[in-house]
Every structure is written in C-alpha cells, then in structure tokens.
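Build out the structure end to end from the sequences listed, making use of the hints.
Take a look at the letters that make up each chain.
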Amino acid sequence: MTFNIQRQDQYSRGELLLRTFFGWLYILIPHMIILLFVSIAASILSFLSFWVIMFTGRYPESWFEFQVKFMRWNIRVNASIYNLVDGYPKFGLDHEHEGVEFDVTYPENISRSSVLIRFLFGWLYVIIPHGIVLGLLSIAVVFVNFIGWWAVLFTGSYPKGMFDFQVSFFRWSQRVSLYMAYMTDTYPPFHAEPDGPEDSSERLLDDQV
Amino acid sequence: MPDQLPEREREDAMGAYLMMFAAVAVALPLPIINLIAAIVYYFTNKNKSPFIHFHSLQSLLAQIPTTLMNWGVLYWGLKIWLFKELSLDQDFWIYRCPIQYFIFHLQHSCSNSGQKGEDVLLCRYRSILQKRGLCIRK
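Top to bottom, those sequences are chains X and E.
Each residue of the first sequence is one higher than the one before, counting from 13 in this note's numbering.
Each residue of the second sequence is one higher than the one before, counting from 4 in this note's numbering.
Keep in mind that the hints were calculated from the coordinates and are not lab data.
Note that this is a predicted model, so its numbers are computed, not measured.
All C-beta atoms in this analysis are idealised placements derived from N, C-alpha and C, irrespective of residue type, glycine included.
Take the hints with a grain of salt, since some may be wrong.
[Unchecked claim] Short, incomplete list of chain E residues facing chain X, as computed with Cβ under 10 Å: (1) Glu10; (2) Gly18; (3) Met22; (4) Thr47.
[Unchecked claim] Listed below are the simulated PhoX-like cross-link pairs for lysine-lysine, each with C-alpha atoms no more than 25 Å apart in a straight line: (5) X/Lys102 / X/Lys81; (6) E/Lys49 / X/Lys81; (7) E/Lys119 / E/Lys49; (8) X/Lys81 / E/Lys51; (9) E/Lys119 / E/Lys51.
This is the structure:
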C-alpha cells in the first residue's frame with residue numbers, strides 16, 4: 013500500500029479559516045451526501061466480494077479498483093477537513109488530489125481461509141486490538157490537530173512532527189480498512205511506518221529537491 | 004470464444020447477477036434494493052465490452068420479475084407474521100421455497116455462465132437483447 017500526504021511548505025491562512033468556519037457547509041456536507049451513496053455501493057461490493065473470493069480465490073479486479081478509488085476520495089476529503097492540504101477536494105471516483113497519494117497493488121490471489129477467518133473472527137483479532145490503539149491515537153490526533161491549526165494560523169507552516177503524526181494515523185487506519193475489506197492478505201502491523209521506501213515522505217521531498 | 008475473454012470481463016459479467024444479493028449485503032429485506040443495484044451496475048458497465056453489456060442487461064431484465072416476485076413473497080410473509088402472531092402457515096413455505104429456489108437457480112446459472120465466458124440466454128429477453136445487437140446466440 014502506498015499512502016502519503018505531502019506536507020506543503022506554506023499553507024493559506026485564508027483557506028484555513030474558511031475551512032474551519034464553513035468547511036462543514038461547502039466541503040463536508042456535499043461530499044458526505046455523495047459519499048454516503050457511494051459507500052452503500054462499496055459495502056455491497058465488499059460483501060459480495062467475500063463470496064466471490066470464497067468461490068474463485070480472487071477479488072474481482074474492477075471491484076477492487078472501485079474500492080481503491082472510493083478510499084482515495086475519502087482520504088482526500090479527510091485530508092482537507094483535517095487541514096493537511098489546501099485546495100478543494102475534487103468530486104468523483106476518477107480524480108486525485110495532487111498532494112494526496114494512495115494506491116494499493118492488486119493481489120492476483122487472496123487466501124480463502126484467511127478471508128473466512130477474518131469474516132468470522134476479524135472483530136476479535138483485528139478490530140478490537142487495532143480499534144483500541146487507533147481509538148487512543150484518535151484522541152491524540154484531535155489535540156495535535158488543534159495545536160497544528162494554531163501553528164498554521166500564526167506561522168503559515170504545519171509543524172512536521174504534528175503533520176507526520178496525523179498522516180501516520182490515517183495510514184494505520186487505512187491498512188486496517190484494507191485488511192478488513194479483504195483487499196490484502198497482509199495483517200496490518202502495529203505501527204504506522206510506510207511499507208517501503210516508495211511510500212515515505214522522504215521520497216516526495218527527494219523528488220522536490 | 005469463452006477462453007479468449009479476459010478474466011476481468013468474465014468477472015464483471017458474473018458480478019452483474021450477484022446484484023441480487025445487494026439487499027442481503029445492506030441487511031435490509033427490501034427487494035427494491037436488488038433492482039436498484041442491478042440498474043446502477045448496468046449503467047456503470049454498459050459502455051464496457053458487448054459481453055459485459057449483454058450480461059448486465061440480462062441481469063437487469065431478470066431482476067424486474069424477480070423483484071415483483073420477491074415483493075409478493077415479502078408481503079405474504081409480513082402479512083402472516085404481523086397478523087397471525089408469528090405463526091407462518093404451511094402454505095407459505097410450500098410456495099415460497101420453490102419460488103426462492105427458482106430465483107436463486109436462475110441467477111446462479113447465469114452468474115456461473117458469465118464467469119465461464121458463456122452467453123447463456125434467457126429466452127424471455129431474447130428479442131430485447133437481439134434488438135440491441137447483444138445477442139450472439141440465435
């Protein structure tokens with residue numbers, strides 16, 4: 013999985029204030045209304061894909077792509093609402109935000125036994141342990157986001173540590189979502205480090221240099 | 004030939020018939036959800052290959068009488084459940100089981116054929132599919 017949100021050198025204070033006071037109106041509500049319907053489709057496909065995997069051992073490729081695009085859309089809306097990126101998140105499954113990178117390699121085969129165990133006991137060995145950690149981290153994210161907001165307002169720059177902490181939180185929760193959506197066989201690790209060198213913010217910085 | 008069809012096309016064709024389980028997926032016993040899912044699936048896939056178009060349309064057309072039948076069965080079941088104090092009469096199961104079996108068998112056969120790359124044709128929709136130039140078998 014490749015997940016990264018690029019930290020900007022400078023953030024617009026005007027956009028920050030606009031998002032804070034009216035973001036719910038012009039970002040959250042319109043996106044959530046459409047995403048609600050898309051999420052119904054995504055959950056139907058996710059349920060059906062379980063049965064398809066059980067019979068064929070494969071996740072239908074076009075369904076997989078749909079799920080990735082849906083997740084990408086969610087991530088760019090979240091990134092915008094959490095003030096991690098400037099600019100308005102685009103509507104639609106086929107669009108991307110230039111600062112938000114999310115991709116998942118399509119697995120040719122998915123383990124049927126692993127999927128069945130996840131379906132039956134996923135709540136026990138994935139949702140509960142990861143949920144507890146992510147729940148605690150989400151409290152920290154709220155505080156960090158609040159402090160980050162003031163930092164951007166006064167300096168126009170997002171402190172790197174705070175920014176990376178929030179990106180890590182989203183990366184971690186995304187890994188859990190992928191695993192529970194049967195889109196990967198890799199159990200999500202209990203850390204938020206990137207998967208490989210291609211997934212790190214350093215690579216993006218190197219590209220800029 | 005079925006063997007020459009890409010795996011992805013066959014999966015998409017198969018998926019069209021799986022829309023009949025959409026109501027189960029959202030845990031709402033409303034047959035209309037299956038129909039909506041089939042409509043959405045058809046319109047999102049109709050511009051793909053003729054093979055996928057054929058199966059998506061056939062799934063959608065098959066979903067219309069299926070939805071009507073399901074509504075009838077649901078109405079019947081609710082009527083017994085709500086007005087006869089949870090006792091389902093024997094006739095309900097006698098009639099319902101073959102209807103449900105027929106629906107599942109029909110959809111399963113088509114889904115299986117789609118996955119194999121075949122174009123099983125339900126005769127009721129032959130003329131509609133032929134008019135659209137999607138029918139391979141005469």
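Unsatisfied constraints (hint numbers, rising): Hints that this structure does not satisfy do not exist here, as all of them hold.
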